[in-house]
Every structure is written in structure tokens, then in C-alpha cells.
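Student: Heads up: the sequence lines are chains A and B, in that order.
Residues in the first sequence are numbered consecutively from 0, following numbering that gives the first Met the number 0.
Residues in the second sequence are numbered consecutively from 0, following numbering that gives the first Met the number 0.
In short, the hints are calculated from the structure, not lab data.
Mixed in with the good hints, there may be bad ones.
For the chain B half of the interface with chain A, some residues (derived, Cβ under 7 Å), not all of them [unchecked claim]:
hint: 1; residue: 281
hint: 2; residue: 285
hint: 3; residue: 289
hint: 4; residue: 292
hint: 5; residue: 295
hint: 6; residue: 296
hint: 7; residue: 297
hint: 8; residue: 299
hint: 9; residue: 301
hint: 10; residue: 322
hint: 11; residue: 366
Residues of chain A placed beyond 10 Å of chain B at every Cβ, according to the derived structure [what the hints assert, rightly or not]:
hint: 12; residue: 16
hint: 13; residue: 69
hint: 14; residue: 83
hint: 15; residue: 103
hint: 16; residue: 122
hint: 17; residue: 133
hint: 18; residue: 167
hint: 19; residue: 205
hint: 20; residue: 229
hint: 21; residue: 273
hint: 22; residue: 275
Ideal Cβ placement from N, Cα and C applies to all residues, glycine included.
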Amino acid sequence: MNEKLLLVDDEVDFLDVLSEFLMDEGYKVSTARDAKEALALLGKETFGLLLSDINMPGMKGFELIKEAGRLYPSLKSALITAYDVRDYLYMAKHYNIGNIITKTTPFNFEEVRLLVKNILSEDVFGLDHYMHGPTKQTMVRSTNEIEGVIQKIVADMPDVRHKRKFRQVLNEIIINAVYYGAKSERGDQKELWPLVVNLASDEEILIEWGADEEKAGVAVCDQKGVLKKEEVLYWFERNATKGDDGMSIGLLDEHGKGLFISRETIDRFIVNIKRGRKTEIVMLNYGEGLYDGYRPLWIQEM
Amino acid sequence: MNIANILLVNINVPDLSDQLLSHGYNPVFVPDIPSILDVDVPFAVVLINQEAIGDAMAEDMERLYFASSGAPIAVYIDDSAAILPGLKRALDEGTLERVYRHEVTNGLATSRIDRIYLGAGLDIIVRAYQQQADEKDLLHKEINLRNRILEHERELNANITGSITSGLAIVDTAGNIFIINEYARRLLKLTHNDFLGAAYRQVFPEKISRFVENALKKITGPWKRHEMKKITVDDAVLEIATYRMNDYAHEPIGLLMIINDITDQENTTAQLYRSEKLATVGTMLSGIAHELRNPLSIISARSQMALKKVEWDREWAIKNFESIDGQVNRCATIINSLLDYTRYRATQPTLHKVDEVLDETLTYVEYQNIFDAITVEKDYQGGLVVFGDRSRFVQIFLNIVLNAADAMSGRGVLRLTTKAEGQASVLVEIHDTGSGINAAAKDRIFDPFFTTKEPGKGTGLGLAVAYKIIQDSGGEIWFTSEPHNTSFFVRLPSGKRKAYERKTAAR
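Isolated chain A, as found in the complex (with noise of 0.2 Å):
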């Protein structure tokens, strides 16, 4: 595994405290404050990870990832943004990015040193990669059980903000689950979907809960791995773009807004496939006034 990152910033300040910061983690790094000085860089060293601010001088952050994987197909790449990653979810979907960091305050070190982390070692499976503490999980082995698996959850929760919070999206990130990605149901055909379903052993969805000093954590795995990147950028990009009326473009679609609704409402939406194995939906939610700010994209497939 190559630990080198390439960090792209024209705000030198923050290249500053954030190399300082990763260095103190053990990676070796390099800066460069626009886009020109990091393709110099990288054509002179390999580099494992090249992280970006999106809104620079001269050539954007979208531009110099696209023309650096064009040139190193196996450097890795994310972005890094103080904006609102909702106004760059069409260009995420049009360069085919999961990845955007946003710059938080109180600054989430924890998230950046779990996404650098998580993109470098492809390791991304698990709660316990998200949380400091132990974890509970069960096996949702029939639509029948849904239920009483949400309740046992809600319960668990420290405070009523999470109760609040995962009540209103674990149904729909569940039934989905079980549906689409365990039964290849087609999402656009949910009438047609039958009321009680049962999975078979290798079709059971793993359900992983917990908590930590600053936060809840939920996970939702199938065992198929049917979801792609680029169908959640779809959908989390027809729904944050606002037609000429006002509204988001995906209103009347017929599914993907569950997905979008549920990013909205949580803290922390993070999406990791293994393409025909498994899909993982990780759910975090902060405690009340922490990392206020905007919410990244955090999409990542093997």
C-alpha cells in the first residue's frame, strides 16, 4: 500500500495543519497549492492518494482529478471542500466521484483520517471501522422481523435525537435492502413487490448498531452488491438539483429519493459496495452542535 498523499490547496494555511496532521498519522506527504504544481509533483513521485479542494484558482479540483487518473489510473483520489457538496453532487455524478471531504467546524479530523484511511487500504466493511465502542448486530432473515430489529435499535440509542433520527430512515434503508439489493426487486415496480419476503441464508441482511462518546452508528449489508456508485450519484443528484419550478427534478421519480432523504436526515451517509458482493450503508449521527457544517460524500466502491 502506497502511503503517499498528494494534499492540492490554495489555502496554504490549511495545507498546512492538515499535513502536519496526516504526518502525525504516520503517512508521508506532500502540498501543492494549485493544480498546475500537482500534476508537476505527480509526474515525479508515485503517490497512493491525491486529495483536492474543489474551488481553486486556474484548473478545479473535479479537472485535475480527472486528468490525474487519466494519467495514473491507480492513484486514488478525493476531494475537499467549506461548501455545499448538494451544489457539486452534477459534477460528482459527471467526473464519477464518491469522495468529497467537507471542511467542518469544530475541523473532523476523525472523518479525514477514516476516509484517507478507508480509500488507501480498501478496508471499509464493519461498524467497528466508524465507531469507538462495541457494537451489537442481528440478522434480518424476513421482512416480518423489520420491525422488531428498528425497536431493539431506537432502544439502544443514548439520546432522543438518534431515536428520532434512525426511526425516520431505518425502514426505508432496510426495505431497501432486502428488496432491491438481497432480491433484485425493481425499484421502479414497488407496487408489484410482495408484502412478507423471506431471505435465504446467503441473502440475510447483517444489521450492526451502536454508540459512541460523540456518536450512533448504524449499518445495513447485503450479500449482492447489486447497488453502483454512479446509481447513488443519480439519485442523490436528481434530487438535490432544483427544476425551473423550484422543485428537485427527482419529486415524481418512482424510487432513489429514499436514499437522498436519508442523507439528508443523517449526519453521515456512507455507501461501500463490493460490486457483486456485498453493499454496506453506514449510518452516523453526531451529537447535538458537533461538526456543524456541510455533510460529505462518501461513496466508496471496490
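Once you have looked at the hints, place chain B on chain A.
Tutor: Then chain B, alone, in the frame of chain A:
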């Protein structure tokens, strides 16, 4: 006139003088026709010896007619039968008539031929005088009639000026009020009624007096067709249009003023402009919120690093806190720029570097994703200053830049150019490669509420407000547009010149 002067030309008739005096006439003797011009008292009748007429040359005759100034001319003949051949010839040959005709052809038609009386003794004088008196009587009657007509016209004028719901006042070049209607009195809050002929200074409020004084000074010089000015009297905003009144020879005789109360209109406009200002604040606010996120995240990151660090070496600590300090200042600058903008007239107009104003404008909008694929090019001359309220300039440029970004649908080149135009003005060009302004929009682009944006997306006030601000500051705005090539030009008076003008005006 109790005593009528009778001019006696070359008359040496004994006792005539006594007879005249006894009839209440006062004789004035001159030896010949040319001497008439030296007489400096008015006279009722000219009595001239027929011998003097007979000997007179045509030029003398003309002199006689001019000198008589309309007084009847009586020719003294001792005996009507004994009319002198010279006089007879003058009459026959039309020498007298020639004078008459001469005057007619010059357009001064007074039928003087009627006023030549032939005869001896006093009776011709009496006849001539009587005639004169009759004429005067007629004149009086005519004058009375004319006065009545004038009176009527004046009433009509008063009705007209009294009926219109605009203030109307005329001040003559001597500074006296010639006409002032009821409405003007109300607008100017004048309490008395009779101001005709009064000096405007004693009547008008001080602000208006000063304005009239300036306008009166100007009407003798080169004058535009009319001038317009807004003056606030108490709470009312008056718009005064001034016109120069000329006589038939195009000489100025007075100042005509039309005064209108535009307070409501001004308030509405002010409200509109405030709402546009709020819209601008909205744009800036979200810009500022975005701008703060960067320094705040750096401050947070630095603090967390410091908290986590087990041991601080001095160099590291200094770097860390210098960075925090710098970022805090950056936050303060960002917040201050909004405060400056929203504080209503809290900032005195002052000198601003135009390049800095443009850069500040860009910081409010560049974060917007519509700018992601727009390349901003700057071609600044550097060192150019403009004078005024910074927030207003930002408002102007913000509106133009946002329109440009819209026209490019978020893809293209935005070029900002600044250059000096001599010492007097600064030209800013904002160029875009967008769709351009269509023909229908070209005429209306500066109209309030005109917008090409979708409902709810534009107030339609942006450019109208920009236009107004630029006009108020003595500048100009215009544009050239074709597809992929649109430029807005803003010409502002150079700050150095404006500051100098203010300084000298204050002295």
C-alpha cells in the same frame, strides 16, 4: 399737463407770445428747424413759419418730423391766400408727403399729414391742440380698453395657474416675483397671499432662495432648454424644473419654475432600492457564510492540534498561534465587509481602489457553483481610485457580474478590465462570453422590474439600481452586446478629481 409748451420755429409775430401765455400756452422759441433737436422740453404743438417751410430742404423736413415726436405741426400763414410759393411747392411736390411716405415704408405709420394745419393766428394752434387732446382722449379710452383686456387676461392666467396641480412661479431678472400660483405657495409653505412684485429672497424658504439665486445667475449665460433639481423642504421632496423666459429679442427676462411634490414617489423609489439592497445583502450573506467556513475550519484544526500535542516546542507554538490569529482576523474582515454594507449611510463616501472593490465583489459570488466553470481574467491598470460609498460600488458590480455569470450559464470567461480615461474618469469593463442581450431586452435592460430571469429568480431591479447609483455619482453605464461578446462599461468620475472638487467646494 396744465401748461402746454408750444414750439415756435422762426416766428416773429408781435404779441403772439402774450396771446399764447394768456391762453395758458407756454411759448418756446427756436430760430430754425435744426434747432428743434436742441429743445429738451416736451411740446404740444409745433408752430412753424411758412417761410421756414418754404426754405427748408428735404432733410430739414425729416428733421422736423422726427423732432416733433408726434406733436401736430401748424404752419403759420398770415394770409391763407398768400401762401408762399416754397410751401405750396413743398405741398404740391409732396415733400411733406414724401416724409410721410418714407415713414410708412419704414413701418412707422403715423399719419402726420393729418397734423399739418395751415392758417394764421391762434386758431390753428387751438385747432391743433384740440386735435391733440382728442387723440389723447381716444388714447385714454384705448388704454382703458386694453387695461380691461389685460385684466381679463390676468384673471384667465390666474385661473389657469390656480387650477394646475403643479407649483408655478416666475421671478423676473430683477429678482421680483412676477407670478406665483396657489399650489406653489402651498408647496413652498408660504403663509402670506400677496407676493406679486416682492423680492423672492424675502418670500421663499432659504434653500429655494439659494437655488433661485443660482438659477438667475445662470440664465444670463448659456442655458439648457431646462434644468431639473430636487430640493428637500422640511419633509417634502420638491422637484423644481426651471425654464428661461425670453423677450422677443431672446434676451432673458425671468425665470419660470414648475414645482412638483415628489415625496411619495421618492419614498417608493427608496423602498424599492432598499429591497434591492436587501437582495444584495442576501447574496453577500451566503457568500460570507461560505467564506467563514474556511478560516473557521483552520482555526478549529489548529486548536485541536494544539490540544492534542503532548509537548509544544516554541517554534511550533508560534506558527500555530500566528495561523490562528491570522485566520481570526480574516473572519473579522469578512464580517466587517457585510457590516459596512448594511449600515445605512454609516460610512462616509471616501476614496476606494477600484481594483479592490472588484476583487471584493468577486469574493461574494465566486463560491457559487455557477462560477465553477467560469474563468475569471483580470486586466487591472492599478492605482485607480473612485470616490463614493464602497457598498454602492459593490452593489453595482455584483449585479453586473451575476448577470454575466447567468448569461454564460456557468461556463465561459469573465474579464474585468480597469483603465484610466485621462485624469477625469475611470472606466471599468465587465466582459462575458455568454448568450448576449437580445434586441427586445436591449431597450429595457435598465428599466425597473425588467428581468429575463425566471419568476422568483431576479428582482428586475439590479441594473435599474446600478443605473441610478452611477447617475447619482456623475458616472455613466452602457453596454455592447452580441452573442459570446457582451461588455458592460461603467465610467466613474476619478476619485482624485471628486475629492479635489469637494475640498475646494468646502473652502
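Student: The structure should be examined with respect to each hint, and the outcome stated for every one.
Tutor: Verification of the supplied hints:
1. Nearest Cβ of chain A to the Cβ of residue 281/B: about 16 Å, over the 7 Å cut. The hint is violated.
2. Of the supplied interface hints, the one on residue 285/B is violated, with its beta-carbon coming no nearer than about 10 Å to a beta-carbon of chain A, more than 7 Å.
3. The criterion of a C-beta within 7 Å of any C-beta in chain A is met by residue 289/B, whose closest approach is roughly 6 Å, and the hint holds.
4. Because the beta carbon of residue 292/B sits about 4 Å from the nearest beta carbon in chain A, less than 7 Å, this interface hint is met.
5. Hint status for residue 295/B relative to chain A: holds, with the closest Cβ pair at about 4 Å, below 7 Å.
6. Checking residue 296/B against chain A by beta carbon gives a least distance of about 4 Å; that is within 7 Å, so the hint holds.
7. With a cut of 7 Å, the hint placing residue 297/B at the interface with chain A holds, because the nearest CB-to-CB distance is about 5 Å.
8. The interface hint given for residue 299/B holds, since its Cβ lies 4 Å from the closest Cβ of chain A, which is under the 7 Å cut-off.
9. Hint status for residue 301/B: holds, given a least beta-carbon distance of 5 Å to chain A, under 7 Å.
10. With a cut of 7 Å, the hint placing residue 322/B at the interface with chain A holds, because the nearest CB-to-CB distance is about 5 Å.
11. A cut of 7 Å between beta carbons decides the hint on residue 366/B: the least distance to chain A is about 6 Å, and the hint holds.
12. Consistency note on residue 16/A: stated as away from chain B, yet its beta-carbon is not over 10 Å from all of that chain's, at 5 Å minimum.
13. Listed as a non-interface residue, residue 69/A keeps its Cβ farther than 10 Å from every Cβ of chain B; the least gap is roughly 18 Å.
14. The beta carbon of residue 83/A sits about 8 Å from the closest Cβ of chain B, which is not more than 10 Å, so the claim that it is off the interface is violated.
15. Against chain B, the non-interface label of residue 103/A is violated: not every CB pair exceeds 10 Å, the least being about 7 Å.
16. With a least CB separation of 25 Å from chain B, residue 122/A remains clear of the 10 Å interface cut-off, as annotated.
17. Distance check on residue 133/A: its Cβ is at least 25 Å (rounded) from any Cβ of chain B, clearing the 10 Å threshold; non-interface status holds.
18. Under the 10 Å C-beta cut-off, the non-interface status given to residue 167/A relative to chain B holds; the minimum distance is some 27 Å.
19. Residue 205/A, annotated as away from the interface, keeps every beta carbon of chain B farther than 10 Å; the closest lies near 34 Å.
20. Distance check for residue 229/A against chain B: the nearest CB is about 20 Å away, which clears 10 Å, and the non-interface claim stands.
21. Distance check on residue 273/A: its Cβ is at least 32 Å (rounded) from any Cβ of chain B, clearing the 10 Å threshold; non-interface status holds.
22. The Cβ of residue 275/A lies farther than 10 Å from every Cβ of chain B, with a closest approach of about 35 Å, so its non-interface assignment holds.
When the structure is compared with the earlier hints, violations turn up for hints 1, 2, 12, 14, 15 and for no others.
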